[in-house]
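K.L.:
Respectively, the protein sequence lines represent chains A and B. Heads up: the first sequence runs through residues 5 to 80, numbered per the working numbering. Heads up: the second sequence runs through residues 26 to 158, numbered per the working numbering.
FYI, nobody ran anything at the bench for these hints, they're computed from the structure. Some hints could be false.
[Unchecked claim] A few chain A residues that face chain B, going by a derived Cβ cut-off under 8 Å, partial list only:
#1 A16
#2 P19
#3 M23
#4 I26
#5 K30
#6 L31
#7 A32
#8 W54
#9 C55
#10 A56
#11 K57
#12 V62
[As the list claims (entries may be wrong)] Using 27 Å as the maximum straight-line C-alpha spacing, the simulated DSS-like pairs for lysine-lysine come out as follows:
#13 B/K113 - B/K145
#14 B/K145 - B/K124
#15 A/K80 - B/K113
#16 B/K145 - B/K29
#17 A/K80 - A/K57
#18 A/K45 - B/K130
#19 B/K113 - B/K124
#20 A/K80 - A/K10
#21 A/K10 - A/K57
#22 A/K10 - A/K30
#23 A/K57 - B/K113
#24 B/K76 - B/K130
#25 A/K80 - B/K29
#26 A/K30 - A/K57
#27 B/K76 - B/K113
#28 A/K78 - B/K29
#29 B/K92 - A/K78
#30 A/K57 - B/K29
#31 B/K76 - B/K92
#32 A/K30 - A/K80
#33 A/K57 - A/K45
#34 A/K45 - A/K10
#35 B/K29 - A/K30
#36 A/K78 - A/K10
#37 B/K145 - A/K30
#38 B/K124 - B/K76
#39 B/K29 - B/K113
We put the beta carbon where it would ideally sit given N, CA and C, even for glycine.
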Amino acid sequence: MAERQKIDARGAFCPGPLMELIAALKLAEIGDEVDVWSSDKGSASDIPAWCAKVGHSVVETSEHDGYWSVVVRKAK
Amino acid sequence: MQTKPLYIMLCSGEHEKIQLAAMVASVAAVSDRPVEVFVTMNAILAFERGKSPAERYQGGHFHEMFKTQNVPDAVELFGQGKMLGEMKVWCCSMVLDLKHWDCDKNLTEDLFDGPLGLAKFLADAESGELITI
Chain A
5 MAERQKIDAR GAFCPGPLME LIAALKLAEI GDEVDVWSSD KGSASDIPAW CAKVGHSVVE
65 TSEHDGYWSV VVRKAK
Chain B
26 MQTKPLYIML CSGEHEKIQL AAMVASVAAV SDRPVEVFVT MNAILAFERG KSPAERYQGG
86 HFHEMFKTQN VPDAVELFGQ GKMLGEMKVW CCSMVLDLKH WDCDKNLTED LFDGPLGLAK
146 FLADAESGEL ITI
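Bound-form chain B, shown alone:
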């Protein structure tokens, strides 16, 4: 039986929430489960091109522990999941418009599959399971 795709709507800029999204997305993708991630709102700030891992995230209880211990960086973890499994990462077109950003110029290189509207993402997500973080 084909595994249902997993759709993740990532809204939060908090470190632990982005970390959880990256863990869920990457592990699902390498476990033969197709994954699509829609990055919107404050979460998009973590993916700004040129930011170092120390600059990307907006706190949270585990923020300092993630930074000082050997926890895989969330943005890099998304990249690993995409490289080793079946994962697409979309950036919210509305947020890009508000920030006057271009997906290909302002966001993490080689991670995003392009901009996408919410209605399209929600329509696609009807074929699988949707979680919001």
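Same shape as in the complex, but just chain A:
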């Protein structure tokens, strides 16, 4: 069964949240989801752009109080 892992990368600067996401995806199974929390403004656009480039799926992006949550599903 697919799992969802949360990464709290708030406080990390670019490209820290993206690199943490990629490291987590390396260890995840196909279909698993990683929810990255980032206070870096660029992450909300960087992470979806990276997913489009390499072929993973963005499940949802949402803005919260001072941070963004981007949920990514490992597709390959």
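The hints should help you fit chain B onto chain A, whose structure is shown.
P.N.:
Okay, now just chain B, sitting in the frame of chain A:
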């Protein structure tokens, strides 16, 4: 279509320039773009083995901000890019000769792929895009 490799010639020892090179190299490498980095001139000083992040870089406007805030260390960022993507890091053979350094003994462990001459790097770079920092 195969993405063109990115070649980065890193010459500056300034913190913000090495930081930019590390960001560009690591993000490109994890985005399925092969990257090769040629470290030369003052930039090589940041990669001297045994130096702490606080000792590595030679100033620049953002230097203190990088050190006091939670910005990923540039040398460690190169390492992450290499681990998670397709990246090669070369040290300039001329600079090594001038410093009487050995790539395997005097530079950051497990980061460099070896010494390389400028002519070889430039010849390889004809297959992709070259930026100099």
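K.L.:
So which of those numbered hints doesn't the model satisfy?
P.N.:
6, 7, 9, 10, 12, 18, 29, 37
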